[in-house]
Amino acid sequence: DTEVTQTPKHLVMGMTNKKSLKCEQHMGHRAMYWYKQKAKKPPELMFVYSYEKLSINESVPSRFSPECPNSSLLNLHLHALQPEDSALYLCASSSPGTGKETQYFGPGTRLLVL
Amino acid sequence: GQSLEQPSEVTAVEGAIVQINCTYQTSGFYGLSWYQQHDGGAPTFLSYNALDGLEETGRFSSFLSRSDSYGYLLLQELQMKDSASYFCAPRGYNKLIFGAGTRLAVHP
Numbered sequence: 001d002t003e004v005t006q007t008p009k010h011l012v013m014g015m016t017n018k019k020s021l022k023c024e025q026h027m028g029h030r031a032m033y034w035y036k037q038k039a040k041k042p043p044e045l046m047f048v049y050s051y052e053k054l055s056i057n058e059s060v061p062s063r064f065s066p067e068c069p070n071s072s073l074l075n076l077h078l079h080a081l082q083p084e085d086s087a088l089y090l091c092a093s094s095s096p097g098t099g100k101e102t103q104y105f106g107p108g109t110r111l112l113v114l
Numbered sequence: 115g116q117s118l119e120q121p122s123e124v125t126a127v128e129g130a131i132v133q134i135n136c137t138y139q140t141s142g143f144y145g146l147s148w149y150q151q152h153d154g155g156a157p158t159f160l161s162y163n164a165l166d167g168l169e170e171t172g173r174f175s176s177f178l179s180r181s182d183s184y185g186y187l188l189l190q191e192l193q194m195k196d197s198a199s200y201f202c203a204p205r206g207y208n209k210l211i212f213g214a215g216t217r218l219a220v221h222p
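If you read the protein sequences in the order shown, they are chains A and B.
Numbering-wise (the numbering used here), the first sequence opens with residue 1 and increments by one.
Numbering-wise (the numbering used here), the second sequence opens with residue 115 and increments by one.
Derived by calculation from the structure, the hints in this document are not laboratory data.
Not one of these hints is a red herring.
No farther apart than 20 Å at their CA atoms in a straight line, the calculated lysine to aspartate or glutamate pairs in the DMTMM-like style are these:
#, chain 1, residue 1, chain 2, residue 2
1, A, Lys41, B, Asp153
2, A, Lys38, B, Glu123
3, A, Lys40, B, Glu123
4, B, Lys195, B, Glu123
5, A, Lys38, B, Glu119
6, A, Lys38, B, Asp153
7, A, Lys40, B, Glu119
8, A, Lys40, B, Asp196
9, A, Lys9, B, Asp153
10, A, Lys41, B, Glu119
11, A, Lys41, B, Asp196
12, A, Lys41, B, Glu123
13, A, Lys40, B, Asp153
14, A, Lys18, A, Glu67
Being a predicted model, the structure only gives us computed values, none of them experimental.
Whenever a hint applies, use it, and build me the whole structure from the sequences.
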């Protein structure tokens with residue numbers, strides 16, 4: 001199973017809402033990532049979890065709050081977002097220390113903030 | 115600082131060969147990855163070079179020269195389904211840094 005799943009596929013939220021994005025993988029990977037991607041732009045790294053601990057936060061605003069409850073799950077909690085936060089949010093996982101560290105991406109959650 | 119350069123667009127015909135170049139300047143360089151992304155899809159891994167030289171995977175090959183901070187992706191026997199964006203992504207410690215991407219359009 002080389003699949004990373006993400007839910008929901010689409011999300012529309014107001015600026016005062018609180019919502020969460022969910023990512024799951026069962027490949028035994030111990031590194032998981034959140035990226036943000038705007039149209040016609042490359043994925044931008046937001047957070048990296050390694051062995052369930054936050055190892056990289058790319059100066060992401062606090063309205064985005066990541067959580068890694070266990071080695072298979074990664075959440076991104078959203079609160080008081082701005083319209084400019086509308087984007088495709090991609091989750092990825094990899095197996096650290098294997099040399100290639102190929103990242104496997106989920107299909108993404110397309111977020112629209114109104 | 116960090117910088118990555120790759121062409122923004124490339125056009126080719128079916129059956130042709132295309133080379134997408136990537137020059138990079140990053141701290142903590144471990145290797146160079148290439149990812150493909152179709153419109154509306156997620157990035158998928160194509161190739162990785164940790165050492166200098168050529169890596170071949172079917173119709174796709176990737177090359178790295180660490181001393182020149184340069185790599186390329188070579189796509190042979192182009193097919194219509196190869197129309198997509200291609201990202202070079204230097205690997206740093208625990209992360210990838212994606213280039214701006216090259217949009218490849220393959221025409222009949």
